[in-house]
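K.L.:
In order, the protein sequence lines correspond to chains A and B. According to our numbering, the first sequence holds residues 69 to 1000 in order. According to our numbering, the second sequence holds residues 69 to 1000 in order.
Derived from the structure by calculation, the hints contain no laboratory data. Please note that a few of the clues may not be correct.
Because identical chains cannot be distinguished in the list, a pair is counted as satisfied if it fits within a single copy or across any two copies.
To be verified - Simulated pairs of lysine to aspartate or glutamate, DMTMM-like, Cα-Cα distance not exceeding 20 Å:
(1) K236 with D642
(2) K748 with D701
(3) K833 with E80
(4) K748 with E678
(5) K750 with E731
(6) K458 with E776
(7) K519 with E978
(8) K244 with E747
(9) K103 with D630
(10) K894 with E823
(11) K220 with E535
2 protein chains.
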Amino acid sequence: MTQYVYTFGAGEAQGNANMRNLLGGKGANLAEMNKVGIPVPAGFTITTEMCDVYYKGNCQYPPELNVEVENGLKHIEKIMGKKFGDKKNPLLVSVRSGARASMPGMMDTVLNLGLNDDTVQGIIKATGNERFGWDSYRRFVHMYGDVVLGMKPESKTEKDPFETVMEKVKVKNGLKADAKDNEMTAPMLKELTAAYKKLIKDKLGKEFPTDPKEQLWGAINAVFGSWMSERAIVYRKKEGIPDEWGTAVNVQSMVYGNMGNDCATGVAFTRNPADGDAHFYGEYLINAQGEDVVAGIRTPQQITKAGSQKWAKENNISEAKRKAEYPSLEESMPNVYKQLVDVYKKLEAHYRDMQDMEFTIQGGKLWMLQTRNGKRTAPAAVKMAVDMVKEGLITKEMAVGRIEPKSLDQLLHPIFDPKAPKKVLTKGLAASPGAGCGRIVFSAEDAGEWKAKGEKVILVRIETSPEDVAGMDAAEGILTQRGGMTSHAAVVARGWGKCCVSGCSDIEIDYKKATLKIGSTVMKQGDWISLNGSTGEVMFGKVPTVEPSLAGDFGQIMKWADEIRQIDVRTNADSPKDAKVARKFGAQGIGLCRTEHMFFDGERIKHIREMILADDVEGREKALKKLLKFQTDDFAGIFEAMNGYPVTIRTLDPPLHEFVPNEPENQAIMAKEMKISVEKVKAKVDSLHEANPMLGHRGCRLGITYPEITRMQATAIFTAACELTKKGLVVLPEVMIPLVGTVQELRNQKAIVKEVAETLIKKYKVEGKLHYKIGTMIEIPRAAITANQIATEAEFFSFGTNDLTQMTFGYSRDDIASFVPEYLNKKILKNDPFQVLDQEGVGQLVRWGVERGRSVRPDLKVGICGEHGGEPSSVKFCHRLGFDYVSCSPFRVPIARLAAAQAAIEHASERAENLKLQNHTPIRAKASEIEE
Amino acid sequence: MTQYVYTFGAGEAQGNANMRNLLGGKGANLAEMNKVGIPVPAGFTITTEMCDVYYKGNCQYPPELNVEVENGLKHIEKIMGKKFGDKKNPLLVSVRSGARASMPGMMDTVLNLGLNDDTVQGIIKATGNERFGWDSYRRFVHMYGDVVLGMKPESKTEKDPFETVMEKVKVKNGLKADAKDNEMTAPMLKELTAAYKKLIKDKLGKEFPTDPKEQLWGAINAVFGSWMSERAIVYRKKEGIPDEWGTAVNVQSMVYGNMGNDCATGVAFTRNPADGDAHFYGEYLINAQGEDVVAGIRTPQQITKAGSQKWAKENNISEAKRKAEYPSLEESMPNVYKQLVDVYKKLEAHYRDMQDMEFTIQGGKLWMLQTRNGKRTAPAAVKMAVDMVKEGLITKEMAVGRIEPKSLDQLLHPIFDPKAPKKVLTKGLAASPGAGCGRIVFSAEDAGEWKAKGEKVILVRIETSPEDVAGMDAAEGILTQRGGMTSHAAVVARGWGKCCVSGCSDIEIDYKKATLKIGSTVMKQGDWISLNGSTGEVMFGKVPTVEPSLAGDFGQIMKWADEIRQIDVRTNADSPKDAKVARKFGAQGIGLCRTEHMFFDGERIKHIREMILADDVEGREKALKKLLKFQTDDFAGIFEAMNGYPVTIRTLDPPLHEFVPNEPENQAIMAKEMKISVEKVKAKVDSLHEANPMLGHRGCRLGITYPEITRMQATAIFTAACELTKKGLVVLPEVMIPLVGTVQELRNQKAIVKEVAETLIKKYKVEGKLHYKIGTMIEIPRAAITANQIATEAEFFSFGTNDLTQMTFGYSRDDIASFVPEYLNKKILKNDPFQVLDQEGVGQLVRWGVERGRSVRPDLKVGICGEHGGEPSSVKFCHRLGFDYVSCSPFRVPIARLAAAQAAIEHASERAENLKLQNHTPIRAKASEIEE
């Protein structure tokens, strides 16, 4: 029979850290911590399998689960020496979700479960602490009411109904409405508990459940139910987590951080998750329960003294005041602090990674409630990885493998220009680094809508909640009034590499008026604001940005990645400027140089229009001759920037109508400039119109119908190449014929290019010095299918996966907005295939193309130049198919370098596994090794 | 060493009929006739291989050819007892081309070669016939001047320069300019010869060559050269003959039809090539050479007496006049006629097919110069095939295999309504059957240009020449003033199944004024005219047409084809009317019923527009409800017409913008009708605009974003199906989801259709009686690639090879006119892939689709519904891949039935060959048997 419940406690556990798929991350680590001797309250985990069984069984449980849960409770009771529902010494439990992948704040939690009017008396008797008893009870009713019974605010702008009741009780008892919770006395909390229960009865028409078992099953249902909540679904979609994974449920004996001033609760990181600094870091609250820290309601205190002093300085708090009001754990509870330091060191060494831990201190005793590999910003990830290699904790390969390639984006994109004038309005917590600049919006809905309209927005909230994740995703940055470094906003933003300034208490937000007041500055919805997530600065208007540095730890990781990876990374660049940027990012040549972009500038567009309007070859050749000079200079600049590296130049690709104006007014201007009648211009433009330009007269179809265009371009390429070669540069031109679907097309165009090349090489006397290749873009399905024919002529293939995806799916990139978002919603597509290469469909064509091409030309050079060339999973796919290189936009070059290295690591370890018994492991994968 | 020359003569030959690829059709049959004892003048054939060697070797011959040709000449000299170039008894030869495939009139011929001022005297002495000597000489100089020396008219309208000289000589000698050639006496012909030679010297600046060897090599060069002449290239393109095949050269001893009145030359068919009638048929000219008959300059006489009498009746010639002036060969040379009858019977029995023969009678002796399987009209082919099976000459399989499927077009398309009022202007020869109706043009160039503009044209010429073939191809029909049933116009038109009326001597053509005068009627370029190629009638204006009969011999061939073929043939039909027509043509169900065509009629378009304009699901459902009734009725009509046969219905496919008007004036009408503002209409139309509608929001993408559309269509289909099933009809609906690229799309739409179907089947209580399938169109490359996934949901695949070709090639059908014609010209494409399925590219995807689909669902039903479903080579491809059916437009159903039968015959014989040693030969091919 399948085991659905796994117990842990008192240094023993049925599970371990490797069972994360079954027990969820939290459950697996709770088991593991028991095994390595860390103090953990006893408990049990209901498996993720049960979640799946539950959803597949129409939200019903199999009968055996009840027995297993009962046994689990007995296990806890035995270890803790308490009884669930007992009136004298009752066991209280927490019920928490815990999925395979961390989903911070997404899932539901219920604490202090097991309380009712009887057991609360037992707690009070057992602890001798009346206030604690009622504080726990009111917290439980509130939490259960919210999570299990669905007592939520009716609308976003409405207050939590429990908050309203609490304020009333406070005022009634002579406190201010916004008095701190710990100012409330035991009788007040008792009154509050009763008021909460009345609120629930009034609203739901039935009594709050008093049977602890009923409470337990309600909470288990709520956790499983939360897996399919809208906010969890949105989060999973963004993170790419499958619905089938499910969540586990952890039922664990309560320990109390809220039992008095020798109690506390906190969150800690073995290293700083924001900048990667190798110092213990964390926050805690005295006499509080865990959710108080995470929810960001009270400003937490620092764990280390150094951290505390730094914090005070940043917040302009005097040392005396800090010591008195916000002492560090190191100062307030030195013994417990030492225990905690031992624990964190043990855990980091055990897991060989930075840990994100939750703990509770009850009566001076430390209990660990959770540990996990901590989320971190990209700079922190890079710094930690490099540091850990230096410390001997991990290998270079582990370091390289640990950086999420996509996260490098944060390190590569501009930061605010430190020298730029800026008007700093205020400063909050530097919760997630980066530069964010956009228009102010005040709700997640608005953020989404404005983004959809193409606006950049900054989401400004008093605090964020899991309901806001979609809006946070849409925003350039997040600014919150409340909440610390571990608040919801901070954790989520860091995970996504999005800029966030949190806990910015100087700001005043008026949701109704949609205004943000900072000091005397009042800004309204739509005004521009800039956030620096690395300093916490909030700035007025748009602040200019500068390029990031690529040295230091980042450079080190890249160096290791380059040592490990086996395929080259080139860039797509159309100008000498782009080529230079890409070289800085480490590009090893150009994989795609689009020549048409060169035609739009100033005078050039006139000549190309003159060519288009010409009635015969002579007219076209005359116009092309004028373009030749420009093109030759462009290519010379690019070759110079890429001295010693190959440069793949694609001959003219877009349909000619892209060069002529469609609007009558522009046609009139063109007619005037060209000294011809408007009618003639209009007639030509009309004759060039196409029903489906994507599938029309473009690519090599142009070069075949107008061979003079190809001839001019080849002349420009080889004139520039010959001249630079004569000057001693190493020029490696690779001429790429686009949109080839039949070998005959390539043969036709190759003959033209080759004839021009050979003539110029002879003329410049650079025989044997200038080496070039002629190849083709594989971007039409038929080209991939007949690659064995095409490779008889092509010296290289470059997969143009943008067009290949368009034609393989039958999707016009320009038109998919009307259905692809719906397809993603309905799970008809897992990813937008223009972002992530569709390995099952398009990838098959790529695979066939490589296999068939190399079957007739084993040394065929193979690359990719679609946008997928910079997408990590696609890069890994290319590695496995035995590509020679990937090519991507300059800013994605480092991402591709890292992804290529990871591909090599993953592939080598898999293959080492597979080929264990063989004597050799070839370095490069053959395409045929990949299964279909 | 390769043998380049094959000799024949005196009942022996080095070649035979099976060597047609090497010796050309003419050479192979000359050899074969020798072997079966038919009198053939001795000669030799230079192989087609030499043609290839010649073109690959830069128009040079290998040295050994000279030796072989010398030996060939000696062989002829020995048999004929004459010597080439001898002054006393000179051997004269003919030099003729002869390719693998017949190319009537396309290639060059030189007769009487070997004559000069010396040898002509030898001929005169040897024959004692001075006139014959000079007649042969002047013919030779003329022909050689034209063919070898290139003495052509400067322009189309200019006269042949030799004709002008001849007229001058005639007039100078007291004859009329248009006197018949045989009125010229020996001295006149001698004078003419000298004048011809002077003409050549004046024009070319050098003497006419006198050395017979030089003449021979000049003629051989000219024949090989003619293979690459423009007209030959055009003809081959139309007929699909590869350039590499090359032509052979036949050098053969001359025999003379022009040596006196006991001499003649003629052309004969063993059966009538126009109607298939099983009677000997042919034409001859007394005292003439072969080219006089073929060129259509003199009106030839009939070979049989019956034929002659029929001809006289048609031409209103009295029996007395006929006997005196136009006697048949049967009457004029009864002995030779008997020899000829013996020969034709022998040849037809030997070749088991209708023969087209050329012969010459010299001094009462019959010589055969050529035999070949005769071209024939489609009705003649059908009649002959059926007759020959009845006669026991051939098997049913041979009969079925012998009909060119495409030629059935002629039998299936409308003929003129016999009851329609028509104004017959005149009557010519019924040279090629069919109804042709179009605007008059007078040159091949005009025909091509008008056709390109979408006009239907009738090409009207005094006579046609090989230069006119492109224009003939463009025309609906051809009308000539001169020329018999075997004239160039007649032969070419019959080969193409194009209507032709030839030898219509009543008409007057003025090329300069561009007028056609028939009696008192003067018509000008662009006027409408109708030709009946089956009766020879020339009618004024447009004459209405009626459906053809499908019974008789045609029905018999179709019956045999149906017995033989293994795959079903369905039709593409969108209305009950089309469905009924298709049933008459033998369609076994509907393979594609496009539902969108039903939306354009009258009121329906309003409802669909209402749906498009609706802002929400409710609005759309309201509009769809109004369409439901119409769709239900449509489907009921179609199901009724196809009672007992499957009907594949495709759900809505085209993008919604096809249903709304683009032009402001129509938008205004629509706004008025729908009682909304023009702005709203315009805004909606604009919002539906797509950059590439082919790759946009259409197909199942519509059904997924608007599930209510699919639901309405499913409701219509199954309401109609259930109601008819209740009435006792057998309804077999197959619902086809279009444009599927992922299995998830199909799953989504299938769920909707299935739910509707099951609900209605239950409601109508027709469980177990109504059987239906849900499947998909495979028209997106990704669908073919992932067919193993898609087949888990699809119960059938229908390959939509139109779209599949568009996406596999990246060709928009609407836009290819700008480059595909050039691609065909430059041989980049062999065929337009929208007409003939591209087996190498698109066909691979089809193959993978079938293989992968059946790998997970062995009983997957597979069909094709693109236009290729009616194209014979594509049908054969489908047979080999194991398709269950092909589907095509109603008029192509018989073509597909025949092609499918031929596929089965060809495939069975190949496989019998391959599997000789095995015990069993499975009936249907598995896809995997086909090589890639």
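K.L.:
Would you list, in rising numerical order, the hints stated earlier that this structure does not obey?
P.N.:
1, 2, 3, 6, 7, 8 and 9
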